[in-house]
Amino acid sequence: MLAYLRLTLICWLIYLAITANLEVANLVVGLLIGLAIALILKPMSQALSLRRLPGALFNLAKYAIWLSIDIIRNGIRVARIVLDPKLPIRPGIIAIQAGMKSELGVALSAHAITVTPGEQVVEIGDDGVMYTHCLDAIASAEGAEEAQRKRRAMLESIFE
Amino acid sequence: METVWRILTLALVVIGTLFSIVGVLGLIRLPDVYTRLHAAGKVGVFGAALLAAAAALTAPSVLGKAIILIALLVIAGPVVSHALASAAYRMGIPLKRAVRDDLAAERDRRAALRDFLDHSV
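Chain order of the listed sequences is F and Z.
Oh and the first sequence: position 143 is 143 in our numbering, straight run, nothing missing.
Oh and the second sequence: position 115 is 115 in our numbering, straight run, nothing missing.
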């Protein structure tokens with residue numbers, strides 16, 4: 001029941017943000033759409049401790065900022081590679097150990113890698129190995145372990 | 001204050017456009033599917049997100065839309081480029097100018113396993 005309410009509320013807020021219209025009719029329509037989505041999706045109830053929520057949100061914000069900085073830095077690096085007349089790429093696929101047990105953790109690690117320009121996960125092995133295609137495989141392979149450790153620590157601080 | 005706001009918006013538009021152009025240039029210049037996906041799927045998304053941010057600064061009424069749009073781009077963009085790259089690899093499209101390929105060994109191992117299972121049944 002609580003899970004349904006939560007999903008309805010989130011969908012309602014997103015609908016209101018998109019339509020940017022606070023008339024009563026629109027509020028009602030948004031609520032109905034949110035309710036319909038919740039009924040179709042049938043969310044599973046998950047333990048959500050209110051005491052841990054502020055900390056998790058703070059860590060999420062920290063993670064988002066860290067990811068943004070990473071995206072900007074790598075975006076500039078890739079832009080320089082593309083604009084260089086000699087096109088100095090050393091592409092290749094490297095294996096990065098995710099080092100996380102849960103599927104959610106591996107998926108979010110893969111997302112964080114793929115969202116940064118210049119690196120993208122092509123395949124995930126059974127044991128949580130992320131086969132990552134890099135524009136500069138040699139440079140990426142050097143920093144991959146360290147970056148994954150940091151990523152893992154941040155993701156675990158949000159979900160555990 | 002007004003001027004600072006204007007300059008900030010203008011900077012976002014210029015940088016966003018530059019990154020979009022870089023995305024297209026990369027799509028043309030890079031040698032194969034995988035490297036092209038880096039340019040088109042990521043740098044291009046980055047440019048689009050900056051343009052959406054600029055739109056939000058110019059017209060506050062679209063702020064909510066811009067935030068949702070940027071969130072969707074950041075969440076769904078990587079999923080799309082991963083799906084394309086994975087599909088390309090499964091089809092056997094070769095990497096060009098590759099310096100290493102850790103996945104090739106894994107793929108061969110899986111193929112051998114599949115072969116073995118097919119023959120033993």
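Just so you know, the hints here were simulated from the structure itself, not pulled from any lab data.
The beta-carbon is built from N, C-alpha and C at its ideal position, and this holds for glycine as well.
Incorrect hints may appear among the rest.
What the hints assert, rightly or not - Here are some of the chain F residues that sit facing chain Z, going by a computed Cβ distance under 8 Å:
(1) LEU35
(2) TRP66
(3) VAL78
(4) LEU83
(5) ILE94
(6) SER102
(7) GLY105
(8) VAL121
(9) ILE138
What the hints assert, rightly or not - Here are some chain Z residues the structure puts well away from chain F; computed CB gaps all over 12 Å:
(10) MET1
(11) THR3
(12) TRP5
(13) THR9
(14) VAL43
(15) VAL45
(16) PHE46
(17) LEU50
(18) ASP101
(19) ASP102
(20) LEU103
(21) ALA105
(22) ASP115
(23) LEU117
(24) HIS119
(25) SER120
What the hints assert, rightly or not - Covered stretches of chain Z (in silico footprint by chain F; criterion: 3 or more residues with CB under 8 Å from a CB of chain F, positions within the stretch not fixed):
(26) 25-38
(27) 53-59
(28) 71-78
(29) 85-95
Checked hints:
no.	hint	verdict
1	LEU35	violated (19 Å)
2	TRP66	violated (14 Å)
3	VAL78	holds (6 Å)
4	LEU83	holds (7 Å)
5	ILE94	holds (6 Å)
6	SER102	violated (19 Å)
7	GLY105	violated (16 Å)
8	VAL121	holds (6 Å)
9	ILE138	holds (6 Å)
10	MET1	holds (24 Å)
11	THR3	holds (25 Å)
12	TRP5	holds (20 Å)
13	THR9	holds (18 Å)
14	VAL43	violated (5 Å)
15	VAL45	violated (8 Å)
16	PHE46	violated (5 Å)
17	LEU50	violated (10 Å)
18	ASP101	violated (5 Å)
19	ASP102	violated (4 Å)
20	LEU103	violated (4 Å)
21	ALA105	violated (9 Å)
22	ASP115	holds (18 Å)
23	LEU117	holds (16 Å)
24	HIS119	holds (22 Å)
25	SER120	holds (21 Å)
26	25-38	holds (count 10)
27	53-59	violated (count 0)
28	71-78	holds (count 4)
29	85-95	holds (count 4)
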